[in-house]
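**Student:** Please arrange chain H with the ligands on chain Y, whose structure you already have, making use of the hints.
Chains Y and H supply the protein sequences, listed in that same order.
For the first sequence, my numbering gives the first residue as 21, with consecutive numbering after it.
For the second sequence, my numbering gives the first residue as 623, with consecutive numbering after it.
None of these hints come from the bench; they were simulated from the model.
In this text the structure is predicted, and so the values were computed from the model without any measurement.
Glycine is no exception: its CB is placed at the ideal position from the N, C-alpha and C atoms.
Incorrect hints may have been included.
From the derived model, a few chain Y residues whose C-beta atoms are all more than 10 Å from chain H [to be verified]:
| no. | residue |
| --- | --- |
| 1 | V135 |
| 2 | V157 |
| 3 | D176 |
| 4 | A194 |
| 5 | D205 |
| 6 | F237 |
| 7 | K293 |
Covered, in the sense of this in silico footprint (three residues per stretch, anywhere, with C-beta under 8 Å from a C-beta of chain Y), are these stretches of chain H [what the hints assert, rightly or not]:
| no. | stretch |
| --- | --- |
| 8 | 708 to 719 |
| 9 | 797 to 811 |
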Amino acid sequence: MTTIAFLTGCSELAVLDPKGPVALQQKDLIMWSIGFMLFIVTVVFVLFTLFIVRYRERPENEDYEPPQDEGNKLLEVIWTVVPVLIVIALSVPTVKTIYALEEPPKATSHKDPLVIHATSVDWKWIFTYPEQEIETVNYLHIPEDRPILFKLTSADSMAALWIPRLGGQEYNMAGMETEIYLQADEPGTYKGRNANFTGEGFAEQKFTVTAQTKEEFEQWVEETQASAPKLTKEKYDRLMLKGHTGKHTFSSTHLEWVDHAKQPDYAIKVREKLNPDHDEPF
Amino acid sequence: MNLEWDEFFVTGEPLIYAADVSIVLTTIAIIFVLTYFKKWKWLWREWLTTVDHKKIGIMYIFAALLMLFRAGVDALLMRAQLTVPNSKILEGQHYNEIFTTHGTIMIIFMAMPFLIGLINFVVPLQIGARDVAYPFLNAVSFWTFFMGAMLFNISFIIGGSPSAGWTSYVPLAGDELSPDPGQNFYLIGLQIAGIGTLLTGINFLVTILKMRAPGMTWMRMPMFTWSTLITMILIIFAFPVLTVALALMTFDRLFGSHFFTLADGGLPMLWANLFWIWGHPEVYIVILPAFGIFSEIISTFARKTLFGYKAMVWSIVAIAGLSFVVWVHHFFTMGANAAVNSFFSITTMMIAIPTGVKIFNWLFTLYKGRIKMTTAMLWSLAFIPNFTIGGVTGVMLAMAAADYQYHNTYFLVAHFHYVLISGTVFACFAGLFFWYPKMFGYKLNERLGKWGFWFFMIGFNVTFFPMYFLGLAGMPRRIYTYEWADGWFNLNVVASIGGVGMAIGFVLLVYNIYWSFRHAERENEGDPWDGRTLEWSTPTPVPFYNFAITPTVKGLDAYIIMKKDREQQEKTYKPIHMPSYSGLPIIMSAAFFISGFGLVFKWWWIAIIGLIGVLVTLVLRSFDYDEGYYVQVEEIERIENAYK
Ligand code: HEM
Ligand SMILES: [Cu+2]
Ligand SMILES: [Cu+2]
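One chain only, chain Y, in its complex shape (with noise of 0.2 Å):
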C-alpha cells in the first residue's frame, strides 16, 4: 500500500484530487466506501490468518478428529445482517450523489450554467458554444465557478466525455444526446479525453481545458468572435473524416446544418462522398 502511495504521489491520482465541486462529490463518496472495504477485508484477513495458522495439520495434532458441526444460527445471522447494514450504509448516499449529479452544483446553482456541446468523431473533440457562437476542436475554455451544462453526442462510435478532476464520464452516442453539469472550482489547466473505446486512434483523443476567471473567459469569448475564421461546411465535412487533427477555433458553429442527436448518419454519408485518399482529413 504505501509503496503503491509512493510509487504514484497522492496527488497523482487524478480521481482522488479533485477540482470541482461534481468529482469532490465523487471523491467523498468513495473515500465512505473505502472506509467500509477496508473493514470488511480487514476482518476476513485476520480471521484467514488467524485460522489457517492456529488449525494448520501438524505432527502434533494428527489424532485430532475435527468436529463435523454443520453451521451456527448465531453466526450466520450475524455475517448476513452486518453486510446488509453496510449494504444501506453504501447505499443511501450512492443514491444521494447520484440524484445530486443530475442537477447542477448547490453551491453555483444560481448561476446559470454555460451550455457547451462536445461531440465525439473518430478521433477528434468538437466542442460548440451555441450561445458565443464558438466552435473549438480538441481544447475547451471553461469558467471557473460557473457549471456547465455538457450536451454530449457523437458522430459515429460510441465514446465518453471525460475530465477526472473535474468528475466522472458520460457517454457520447450518436442518435442521442446525453447531459452532464461540471465545473472547476479554480483555474487552471486539465486533462480530458475520451475514455470509451473507439477503435485505432483512440489512445489519442484527447483535449485540454483551461479554466478561467470570468474576466479572462469573456475576453477569450470576444477574441474568438472577433478573429476566428467562420466555421463552413466543406471544413467540417473534412473533420468527419477518421483520423487526428490539432486544436483549431471558429467563429460560427456546425449546429446550423446538423445535429448529430438527431442525423447519426451524417459522418457515414459524409464519409462515402468524400474520397478519404484525397481530401485530407482537416
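**Tutor:** Leaving out everything else, chain H with the ligands in the frame of chain Y:
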C-alpha cells in the same frame, strides 16, 4: 467480398509470420508423431468419437489449457507494450486486436470450457451416475465449442482478428465502422461455440435432476453439483439472449439489415443491453462452479463438513437470481435517469450479501479443522483473501455515482481480473490438482505445484493490485500507449514484472503435467485425498461405466459415511447399458466450421456446402437406430477384479 490473397493472409508483422511458421511446424509435428507411432486409429476410436463424459471432460480441459496459453501470450504482449510510455512493440490496431482476442478467448474459450471440463468429469461421478443424460449431445457440445474456438483463433493469421473489444459495442463493431471480416470471426465463432454451451446447459440440468443415485436428496447433493445445477439454469436462460444478439449483428454485417446501425434507425444501445443481459449472468456462469470447487476442496482438506451447507445453497440461488437484474451496472454512464441507476446500484450491491455469507462459511469450515496444505488447498485458500479484494472493489464499482469515475479505467480492469483470476482461474487449477489423480491415476507433483502456485499467486497480485491505482490516476482501459507526462510509468512497470511471474507459474504447471506423466507414482485404489464424495469411491482410472453397482447415498458427504459404515455391499453385478461411440459430432461440427468460415468471408458457396454437411449429419443421426449396448456381467467382473 473480393479479397486479394495478400489481404486474406494477415501480413506485415514479424510476429505474425512467426505465428504462421509455428502453426505449420506444430501441425506437421503432430501429423508426424501420430503417423510414426501409428496412433491415428487410436486417436479416432478412443478420443475423437468418444461419448464418455470423462474423456470429453479431459478434452475440454486440454483445449482450455491451450487457449489459456494463447490468450496468456496475448496478455504478455499487452503488458510488454504498456511497460514504458510511447512504446512501439505493437501498433494501435494490433493492440486492439490482441486485447479483443485476449478477453474473448479467456472468457468464452478458456474459463467456461475449463469449468465445463471439470463438471463433465466430476459431476456424473459425484452423483453416482454412469454418464450424462445425453452422451451424444455432450460430444456435440464439445466439438462445436472446439470448432468455434478454432474458427475464432485462425483470425490471427487469416483475414485479421476482431478489434472492437470482447464486448463488441456497436456502432464500432458494425459494418459501417469496421468493414473488415475480423468482427465476423467473433460473431460466428461465438455462435457455433454457443450451440455447445446451451446443449451443455440442458444436458447437465437433466442429468442432475434425473440421474442422481438413490438416496441423494436435494440437501444431500455435493456443493459442486449444486453450483453446477444452478449454473446450467443460468446458461439456459442467458445463452439464448446471446444467440439472438449475435444473430442480429450477423444479419447487419452480412445481409445489410439495420438492427444496430447508425443509418436507418438502428438501435446501438439495444446491443449493449442484450450483450449484458447475457454478459452479467455469464460472469456468474464462470464463478458459481468455481465456488463449488472451492467448497469441495476446502471441506476435504480441512477435514470438516461444509459449514452452513444450507446457507451456501441458498446463497448460490440468490446470487443466480440477482444476476439477471444487475446488467445496467455495465453502463451507468449511458445517461439513464437517476432512478434507474439507483435501482441497479442497489441490486448490484445486494449480490455482496450472499457472497459475503459464503466467504464466512468457507472461513468457518476452516475453523477447528485440521488443514492439510496440498497444492489444491493452497489455490483454494488463496482464493479467499484475493477474491475478497476483488469483491469489495466490485461493490465500489456498483455505486453508480462513483462508477462514473472508475468506469472504463484500469480500476475496472483490476477488479474483474481479481474476481476472474482468483475466482475462476484459481478454481480451475485447484480442481485440476484435486481431480488429476482421479483422471489419470497419479498425482501432479506437489513440489512443482507449490512453486507454480507461489509464482502465479504473487505475480497475479503484483500485476493487478497496481492497476487499481492506475485507474484512480486516470488511465483508461484499452489504450495502446500513453505518455511520460501521464505519470503512469512506475505502476505499469510493476504490473509487467508481475506478468512475468504469472507466466513462470504457468510454465511450471505445464512442466508439472509433463514431469508427472513421466515420473509420478501410479496408484489405483482411487481415494488419494481421503475424499468425501462419491467420485472417490470409484477405482482409478475410472472404468468406463463408472460404477459397477450404483451406490446408495445415506447423507451429505456420502463417501465419508460409506467409509465409516464399511458394510460389505453384496457384489451381484447386472448388465450395464452404455451408449455407442459416434463420429457424427465431430463431423457435424467440422461442417459448422466450414460453413462459418464461408460466412466470415461472405463466400456463400462454402457456407452452403458447410450447411448441407450439417443437415446431412442431422439426418443421419435421425435415422441412427443404434441404441447402445450392454456390458455383460463377465466383462464387469473381469474389469473389477483387475483393480484388486
Ligand atoms: C494471465 C494473466 C493476465 C494478464 C497479464 C492480463 C492482462 C490484461 C490486459 C493488459 C488487458 C487489457 C487492458 C486494456 O488494454 O484495456 C486485459 C483485458 C482483459 N482480460 Fe486479461 N489478463 C490476464 C488474464 C485474464 C484472465 C484469466 C481473464 C478471464 C478469465 C482475463 C479477462 C480479460 C478481459 C475480459 C479483458 C477485457 C478485454 C476487453 O477490454 O475487451 N484476463 N487483460
Ligand atoms: Cu444512447
Ligand atoms: Cu455485471
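**Student:** Against this structure, judge whether each hint is valid.
**Tutor:** Taking the hints in turn, this is what the structure says about them:
Every CB of chain H lies more than 10 Å from the CB of Y:V135, the least distance being 16 Å, so the non-interface label holds. The beta carbon of Y:V157 is kept farther than 10 Å from every beta carbon of chain H, the shortest such distance being approximately 20 Å. With a least CB separation of 6 Å from chain H, Y:D176 falls inside the 10 Å interface cut-off, contrary to its annotation. Residue-level check failed: Y:A194 sits 5 Å from the nearest beta carbon of chain H, not beyond 10 Å.
Once the 10 Å rule is applied to beta carbons, Y:D205 is consistent with being away from chain H; the minimum gap is 17 Å. At the 10 Å boundary, the C-beta of Y:F237 stays outside the reach of chain H, the nearest C-beta of that chain being 25 Å off. At the 10 Å boundary, the C-beta of Y:K293 stays outside the reach of chain H, the nearest C-beta of that chain being 14 Å off. A stretch counts as covered by a chain when three or more of its residues have a beta carbon under 8 Å from one of that chain; for the stretch 708 to 719 of chain H and chain Y the count is 3, and the coverage holds.
Taking a C-beta to C-beta cut-off of 8 Å, the stretch 797 to 811 of chain H contributes 3 residues in contact with chain Y, enough for the three needed, and the coverage statement holds.
Checked against the numbered hints above, the structure breaks hints 3 and 4 and satisfies the rest.
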